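Can you join these two chains into the complex? Each is in its own frame, and there are hints to help.
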Amino acid sequence: MLNYILRRLGAGVLLLAIVTMVTFWIFYVLPRWAGVTPEGMAAMYVGKAPTPEAIAATVDRLGLDQPIAVQFLDFLRTLLLGTEYTFGRETVECAAPCLGYSFTTNTPVLEQLLNRLPVTVSLGFGAAVIWLIGGVAVGVLSAVRKGSVFDRIAMSLALVGVSLPIYFTGLLSLAFLVHTWDLFPVPRYVPLTEDPVGWFQVMILPWVTLAFLHAAQYARQTRAGMLETLGEDYIRTARAKGLSERKVIFKHALRPTLTPIVTIFGLDIGLVLGGAILTETVFSLNGVGKYAIDAIVAKDLPVILGVTLLGAFFIVLCNLVVDLLYPIVDPRVRIAA
Amino acid sequence: MASTEPVVRVDDLRVTFPTLDGDVRAVNGLSFEVPAGGALGIVGESGSGKSVTSLALMGLHRGTKASITGSIEVTGKDVVAATDRELRRMRGNDIAMVFQDPMQSLHPQYTIGDQLVEAYRVHHPKASRAQARKRAVASLERVGIPEPGKRINSYPHEFSGGMRQRVVIAMGLMCEPKVLLADEPTTALDVTVQAQVLDLLDGLRRDLGMGLILVSHDLAVVAGSVDEVVVMRHGEAVERGDVRTVLSAPEHPYTRALLAAVPRVEVSRAQRRAADRAERAERERGVQRAEGADAAERGGFEPFTPAAPAAPADGEAPLLRVQDVAMCFKVRGGLWGRTMDFWAVKGVSFDLHRGETLGVVGESGSGKSTLSRMVMRLVEPTRGRIEFQGRDITHMPERRLRPLRKDVQMVFQSPYSSLNPRVTVGDAIGTALRVQGERDTKKVRLRVQELLERVGLEAAHYNRFPHAFSGGQRQRIAIARALILKPKLIVCDEPVSALDVSTQDQVLKLLSELQDDFGLTYIFVAHDLAVVRQISDRVAVMKQGEIVELGDSDGVYENPRSDYTRSLLNAAPLLDPDEARRHRAEREVARAAL
Chain L
1 MLNYILRRLG
11 AGVLLLAIVT
21 MVTFWIFYVL
31 PRWAGVTPEG
41 MAAMYVGKAP
51 TPEAIAATVD
61 RLGLDQPIAV
71 QFLDFLRTLL
81 LGTEYTFGRE
91 TVECAAPCLG
101 YSFTTNTPVL
111 EQLLNRLPVT
121 VSLGFGAAVI
131 WLIGGVAVGV
141 LSAVRKGSVF
151 DRIAMSLALV
161 GVSLPIYFTG
171 LLSLAFLVHT
181 WDLFPVPRYV
191 PLTEDPVGWF
201 QVMILPWVTL
211 AFLHAAQYAR
221 QTRAGMLETL
231 GEDYIRTARA
241 KGLSERKVIF
251 KHALRPTLTP
261 IVTIFGLDIG
271 LVLGGAILTE
281 TVFSLNGVGK
291 YAIDAIVAKD
301 LPVILGVTLL
311 GAFFIVLCNL
321 VVDLLYPIVD
331 PRVRIAA
Chain F
338 MASTEPVVRV
348 DDLRVTFPTL
358 DGDVRAVNGL
368 SFEVPAGGAL
378 GIVGESGSGK
388 SVTSLALMGL
398 HRGTKASITG
408 SIEVTGKDVV
418 AATDRELRRM
428 RGNDIAMVFQ
438 DPMQSLHPQY
448 TIGDQLVEAY
458 RVHHPKASRA
468 QARKRAVASL
478 ERVGIPEPGK
488 RINSYPHEFS
498 GGMRQRVVIA
508 MGLMCEPKVL
518 LADEPTTALD
528 VTVQAQVLDL
538 LDGLRRDLGM
548 GLILVSHDLA
558 VVAGSVDEVV
568 VMRHGEAVER
578 GDVRTVLSAP
588 EHPYTRALLA
598 AVPRVEVSRA
608 QRRAADRAER
618 AERERGVQRA
628 EGADAAERGG
638 FEPFTPAAPA
648 APADGEAPLL
658 RVQDVAMCFK
668 VRGGLWGRTM
678 DFWAVKGVSF
688 DLHRGETLGV
698 VGESGSGKST
708 LSRMVMRLVE
718 PTRGRIEFQG
728 RDITHMPERR
738 LRPLRKDVQM
748 VFQSPYSSLN
758 PRVTVGDAIG
768 TALRVQGERD
778 TKKVRLRVQE
788 LLERVGLEAA
798 HYNRFPHAFS
808 GGQRQRIAIA
818 RALILKPKLI
828 VCDEPVSALD
838 VSTQDQVLKL
848 LSELQDDFGL
858 TYIFVAHDLA
868 VVRQISDRVA
878 VMKQGEIVEL
888 GDSDGVYENP
898 RSDYTRSLLN
908 AAPLLDPDEA
918 RRHRAEREVA
928 RAAL
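Heads up: the sequence lines are chains L and F, in that order.
For reference, each letter of the first sequence is one residue, going 1 to 337 in this note's numbering.
For reference, each letter of the second sequence is one residue, going 338 to 931 in this note's numbering.
These aren't lab readings, by the way, just hints derived from the structure by calculation.
Treat the numbers as computed from the prediction; the structure is a model and nothing was measured.
You can trust all of the hints, since none of them are fake.
Ranges between beta-carbon positions, derived for each pair:
1) F:Ala-464 <-> L:Asp-233: 21 to 31 Å
2) F:His-461 <-> L:Arg-8: 38 to 48 Å
3) L:Val-321 <-> F:Gln-881: 36 to 46 Å
4) F:Asn-490 <-> L:Asp-233: 15 to 25 Å
5) L:Asp-233 <-> F:Glu-883: 27 to 37 Å
6) F:Ala-467 <-> L:Leu-192: 38 to 48 Å
7) L:Gly-82 <-> F:Ala-467: 52 to 62 Å
Idealized CB from N, CA, C, for every residue including glycine.
For reference, chain F alone in the conformation it holds in the complex (with noise of 0.2 Å):
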């Protein structure tokens, strides 16, 4: 680092979007720059302009409507000025990007092979062939494809989620860039996978000498791989500096409620419980006395009423009993197109009691919608037995199970396409209710406004569409339809890993609150560990459609009795980025010991 000067100087950036209801500037005056080799981490929640920053920083924007002023100078050339063919020189060759989704950011018709050559050559054109394949097996070989000499003949969907992205990094480093650009890299990862990409591009950073942006939602996320932080909202940065000042000592006020958002895992539930239900106190308090006291009995659902432990009375039936249940799915492959069986669930038990809530986390594969979805009875289990309320429901037909599906009810992950569009917000909500039999559509209005405002919603929203809602609203009204038959147990399948750190906070908090309210009891599935810490009493820990640990969400978070469990712990983002990269060492140690 001997240079002074930094590869990436942006000042005064403003990026303008011309729309029909006038121009929408996604960026507004953003400054920051990079030294050679240094690290910087872009963090803002979605409509910040972080994305929209990093697409200009590429000059990607070229080509569609935005307007862009300020100047960006990478390697000391001006992107903004620069010519259509000065700025492909640039691409790849001296600033290269990794992005969010590896699933959809390698082309699917190409050999991976092909892609790498192909990135170098544009640049190097009179590199032969086999000069960039052999440059191409070495780049693969340094992001840690195992057999990298074979596998540069295979195609991108013969790669899992975290290899993917470890291609899309290589084919970065093809041209021996002087800055990569990493946009959300590892969102769509799991947390041991994530752990991996952010290792590596660290490591790369070092060995290379490479300048670094990471741009993420998520603090801590950046908080181990940077020295640097801008925080963004709405096109502004609010916040700039070292990225320890600003993340143990934050200025500004929404830094402050971005980091008390993320869900932390050292934070345990029943700590978070307490906080939640202290400032509800508060504001309901607050409430009454602006309101008079008689705005707290309404509809049919019972007051507020602090609810008692969720420790179940011994000798008490459980509400729901799981016992060795299994799922197999026929899968078609091999040579000649035999069917083997795939179990995505072997042999998993636990007892669930009412008005608790049992956290189920794992990695992608490991099983967790498959059981969500078996104790919904969506699909009726190979073997094992499932009663609920008493009953044997296990292979239950569909018609006696409908009496029964008002009492259990689910929330999707992706509050975009769980909710179907055409249809309006109350029709949503209140079909349930008329399914069950209810004919009166003024007690279903009724019922559903009261129900919208009880989620945080407006009874106004009634007529309203999907699409008028943010994520973090779609998610309330996916509760609200989720509530509106009074079920005793809800399956919440990764409700919030689609949304923002702060929204995911209001929604965890809602959920905790109509807990307290309804006496609900949940299954909460999740690959977020924090998040699972925070609502669950219980948490099972899930792999390769198995059960490696059950147990008390504070035991299992505090006294890991599996390795499992530990590395899963161990690979948990960090907020504190001292901690974060002592982790780092940590995982370097034990995957050196491999």
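The following block holds chain L by itself, in its conformation from the complex (with noise of 0.2 Å):
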């Protein structure tokens, strides 16, 4: 067991390193084959009227004139030992692991990613237990009674649920409850450790929206997994002990209906714990999405490529945590690894 752990963790390192490496590719390397020479990527960081020495300095400070290993090895260095920036007299510090330092903002990245990473991590958990929970319970419904008019419209519901883009649902529950109807606080995000009710209210519009996408898809899984596992020989054999109905659902046909479910679960938290971008955008949350989406339009490179090592970061973590849980979920995996 230890040993399956230490390989899952060293495959884990592994892909960060080599996300890293794709990621540092697509935004320095990329540039300089399309022609941008280092001045015209300097030119990005130096304000609003470049002076030719103002560039000529940043590019000297940011050594984007040195070929691009040594590039490629300062940002590794810079990513593991940290370093500092000069700025005339002043110097600022950043820690390992720096994922360097913003021009726009004049903030070191991570620092402002910690900053924004709880709205983000409040905005992804409690819409990923609603969409757990509600899309299971209704894919298990849909299941035990399929064909009735319950599953006809969760099905049709889930699968409008599925076409719709946040930017849609969520802009028209914004129009409607907030701003026609008042039933919501206009969104403006409180801690949850200022005020607990005051965050669960504001949380509660942007939950079910994003919730809405995934569980749609949850409730059409389970469905089909379920209907599957309840014809299977052992959902028979549970029948023929006399046991009742729920339990024969509950406890013997959703387990296996899960396992799958726990995977794709998995991959969807780690995703949107990167960064919900619509979503946040959409109801002005200050989170990872929305800082993300700010340095895409302002070409802020450092910040670019912080969030999405950040993104990948918890992918892969989300990625581990369901691998090491699998074989508790699913006693068949053990020997096998």
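Given below as structure tokens:
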């Protein structure tokens, strides 16, 4: 078991290293191939009226004229060991893991990310709880009452849910639920630690909006899985024991159905933690996703890079957790592992 | 057996399923009784309604569209009229069920202990977990699971098929039911394991005074274990009575046909062949008289001539020579995920002459399928040498192997999954011709249609899809597909094990006729000893990757030299109830001696 965990951890670290390399390649090497000069890249960082001297200084400071290999090693060193940025007389320390320094906001990227992370985490976990419970419950009910009115309505709604983008459902709910009918407060994020009730009131609408999309997918998955499981021989065995229908469904049929759901859940939550760009933008939540989109608009390279790495980190982490959970969910994996 | 009141009484049972083409009567007016402690066998081919009957006994049709009339009484309670709650109280408590496939009938994600405990506590909610657990250990011990105290924490996948079936039986015994209903409990198991499970059921019935209902498609399986037998066909009981009477003096023609179709270990290859040829000659005379003599010459195939005995001329090189072949698979396992070598086949040698049939018998895991795949060169042997028509094909690259492929064809076990459901029968058979370079579509079509007729189907079946055919017909299609390239050697991997006995009989007849007609050479792989004897000139008995005995088929069956062959033969199900019981007694003695 320990060996299994170590191997999965090793694979996770390797994957992160590869993602780092690819990200670096996209943001530093690709522009060069496209013909952007070091000066051109530096120009992005130097205010509105760049003087040639300022640009040259920036090129020098960021090492943009160095060979790619040197730049990459610099990038890695900064990431692993931290660095210091000097602006005239002022020196800013950027401790490891240093994701760089944003020159548009004049702050270290990591600090910004960590400031915004609680918003994204609140959004992601809250929505995940809703979509997991809601989606699975609807899926189970639909499967058990296959062909009923409930099943048909739920599956039609699920189809609608999968097809509707967040900027449609989100804006619609903002327009009616918040502004026209005044059912929810205008979203302005309040940290959980300061005002739990306020936090809940603000977050409920983004949660539901984000969850709706995923819940639809989970409901369909659960229904399909459940129908398959209900046809298995061991379900017949369970019935032949004299178990009640509730036990047959929730103890015997639900567990095998959830096994594949756990896998996609790990991926989805990792994805959302890396920034739910649309939801955060629609509801003006200052989370990682909003940070990313602002950085993309401002062409703030270090921030884009940082957000990408953070997203990759969460996906790798969540996958790792799922891999480690899997033997608990399905004992057959224990032997194979 | 003091009470004369039957524990199960079924009276005029009718089960109907509504379908788009009208109602299907799966069971139509069935009646039988099982006295307390008695044993009843229900025998029928697939589609006879025997499984529908056993599900009805458990009330497991609830919630489906089936409509049930008539009465089913289990320990005096009416299953048809019972409320869901009453029914649940009966299930597992009054009547317990053992299912066909032990691989599928246990929940893969709970330990067997959890599943056994649950079976007890659902009917004894006041019992503590510890009590239920103690009972579970006792129950596992009773069905012969070694070290039950430890094994109770294992998951189903950590047991072999036979052991799992024991666990299912142990689960059935948790509440000491009055009746145990076993629906094809041994169909998925090896012969020796089948014998063990049947012996176990028989012993439990005696020890616990339980009623037993044994459902099977195989008369030989129920013969030694039941007092009374019901033969079912199309949802009706065609014959019902004492097992000895039914088997020795069957009244109904269907029972007689069924009995005739059961392959018997004691019938030799020569006897069977003689009978088949005589029957065929008879049939053909009739056809010729009707059609005139011109029907004989057809297509590119030689007409039927009784083939010379398969004995090879001395000095003639064998068609296939297998020398000391071995196959090693890398298996990941162990604590550190190290790969280990698993030798599926270790050092097997034999020669196979033109026109001969080599039977390969063995239980699952004996390496017989791996061996046939090596002969086909679907896998490359790790060691050894395979010569086909004098050419070494052991490590021949795929490109050079391709022209030889048409000389060696294969017929697979499952007629359901070995045909692509989206390809018409004609295409499935004709593709091989096209692959080998035949461009003329008309010619291909003609050849395929001839062949369809030759294997007992109709030319008009050319454009149909596989789902329109029964299992036996599909196997005929698979045989036609193997024949289209006029191969010299056909490897049949369990070609009849998925079929009903009567269909099995017809397919065996067909294979034997085709051998006469085309001078085919067969390698016939199967786990059923009787089937292998009737088709093979020589038999190889395999165990754990090695041939433990190889010889003339009559010799192997009548004077087995190896202990393993003897134990296999002893475990083979027999049609004669008294003989079967004698074998059981012998097995018990042998087991006690261990």
